[in-house]
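Student: Letter by letter, the chains look like this.
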Amino acid sequence: MRNTRLFSLIRKEFIQILRDPRTLYITFAIPVIQLFLLGYTATTDVRNIPLAVFDLSRSPASRRLLDAYRAADYFNLAFDLDSEDEMRTLIDAGDARAGMIIPPDYAEKLLANETASVYFVLDGSDPNVASTSLAAAELIGQTHSTTLVIERLERRGLTGAFEPAVEVRSRVWYNPDMESAIFMVPAMIGIILQLLTSLLTATAIVRERERGTIEQLIVTPIRPWELIVGKITPYVALALFDMLEVLLVGTLWFGVPIRGSLGLLVALSGLFLLGSLGIGLMVSTFAKTQQEATMLTYFTMLPTIFLSGFFFPLAAMPPALQAVSHVIPLRYYLIIIRSILLKGAGAELLTNEIFALAIFGILVMGIAALRFRKRLD
Amino acid sequence: MPVMIQAQNLRRSFSGKPAVDGLSLSIEAGEIYALVGPDGAGKTTTLRLLCGALQPDDGQIHLAGIDLLRQTEHARAQIGYLPQRFSLYGELTVLENLRFFAEVRGLPSSDWVPRSEEILEFVGLAEFADRRAEALSGGMRQKLGLAAALVHQPNILLLDEPTGGVDPVTRQSFWQLLIRLLRQGVAVLISTPYMDEASRCNRVGFLQHGRMLVEGTPAEIVAHLQGRVLELVGRPRRLLEQLAAADPQVENAHSFGDRLHLRLAPASADAVMQRLTEAAREHAATIDHIRPVRPGLEDVFLDLLEGSHVA
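Chains P and F supply the protein sequences, listed in that same order.
Under the numbering used here, read the first sequence as residues 1 to 377, first letter to last.
Under the numbering used here, read the second sequence as residues 1001 to 1311, first letter to last.
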């Protein structure tokens, strides 16, 4: 037995979507634009840091040191200076993010088998860049130092006698080149799914109220649950389409792997959407205008983005905030989508996350549905 | 005739301020009832309560004998409602709007197709069936709204200022439609700011501050002021209005087009006519005619509003 009321509600909603260029644009263009923006900007990879060099030694030895820095792509030896003041000016202006001073006695001390010092100055205003360049600068310096020590030993006739005592052989799994895009694109899918569904659901319901069409709907025998399902279904379809759209671009353009089951991903995305739609429905029961609905939805997005592990690792947050992050559904979805896409994980490894999403979805949707009234007051 | 709309002691307030305050109504099949009153009198709230869009704080509503508060959806199936604001979907065509409201009302497509043709013909929108609702003129929108409210052949029609902002020709044809519906036995409750429309109704109720000030047939209502309204035509009108207002037994002077309507204290018509004629002569004003006329609803309306200020 087909439910005519529900069916015609859904069809009506689709006609409205297809004839509204704004909704179409939000649905199909924005996610891809956001993906490209974030795929390229939300990178924590630190490369090509502009480095200003004040070389007082001007010797073959100092040039060798600089070659060692040049060889790693962390630094771009952009400036060759004649004074320390120049260095300060360049770092103040932000043209150089780091500076290196090689003292005049560098070559002499090395020849005399003494320890030669090199000074490294860092712009700490962006801690992310500073900590990466600090680590890189020390690592390159130490490696160079080791090379020089071995050469000294060899000159004393200890040929081949020097082998490092410990060698750390590291291997990075899942994302061997540690590219940000591969980490970010799956997360983007989560953000887009939640923002789009909650925003479109909330505004679609509030629009009925704003335009007064709700008054005519109220006097029809549509049941409240039919109204909810009828309003939501089209946006679930749009959101799943968006997910595949973003995933396709992510795979083809950014090279994001799909190692796990796509079917499982779609199914669990549906579970995640239950919560997002619930948020949208909840917002619609508070907001009187579409603007209000938009504002409220964005308001729910901020904690979601910061407390989900989207940008910042949860493990580094204060315990109180970590506790709060447990009620953020995106947190669980990010684990799910990253695990399925990058690690090829199956459902059996994700039971906790699935359970959490189900609880959140049922709870939010349930409360919103109870608040939802087929009345004006 | 069976009572189709029965409301008893309805109360509803918004943040402590009563909008409808102990209102009772009873409207029979085939009867058209006009709710009139100033803005904010509670007309729209009353209609919204009657269709279940708002929940009353107190009171009872029966539509075609069905308790609206208990059997909400069953009772709602009896009504067609035309809200004051256009409340159909602008992105949908005329026919799509009708189809939508027919289907959510539970009409199968074998029924709604002939029904929507019939109804578009009835309201005169047949040739605009494929036009988007947002591209319709104000009058056509109201007709489409009426068509959507009628698509399931309701026994009760609730119309909230249906002819507001509509040209006189369209208003006329709108009324022709209503009269045909009344003959079919539909009970109609209409709120209107137009006294000429109210006077075409079987009964009129004056609403103020959510309370019924007076209720009755137009004839019963104007009987309140029988013999107490004078019509005065003359020049200069400004001066005549001032002279009339200065008379102790003239309660009120209002312009109706090129004439003045004077509302008098009871049993004072002859004395007032005499005094005004003399006063006009003294001030060199010309009176073309001054005579008692049958009061209109508007006269009563103004009298009631001012009376309630005193009370």
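Think of the hints as simulated: they come from the structure by calculation, not from any bench.
Remember, predicted model here, so these are calculated numbers, not experimental data.
For glycine and all other residues, C-beta sits at the position ideal for the given N, C-alpha and C.
Careful, some of the hints might be misleading.
As the list claims (entries may be wrong) - Only some residues are given here: those of chain P computed to face chain F with a beta carbon under 10 Å: (1) T4; (2) L153; (3) R156; (4) G157; (5) I214; (6) R223; (7) K288; (8) Q290; (9) Q291; (10) I367; (11) L370; (12) R371; (13) D377.
Unchecked claim - A short, non-exhaustive set of chain P residues, derived as facing chain F with CB atoms under 10 Å: (14) Q16; (15) R70; (16) L217; (17) I218; (18) M301; (19) L302; (20) I305.
Student: Which numbered conditions among the earlier hints are violated in the structure presented, ordered from lowest to highest?
Tutor: Structure breaks hints 2, 3, 4, 7, 8, 9, 10, 11, 12, 15, 18, 19 and 20.
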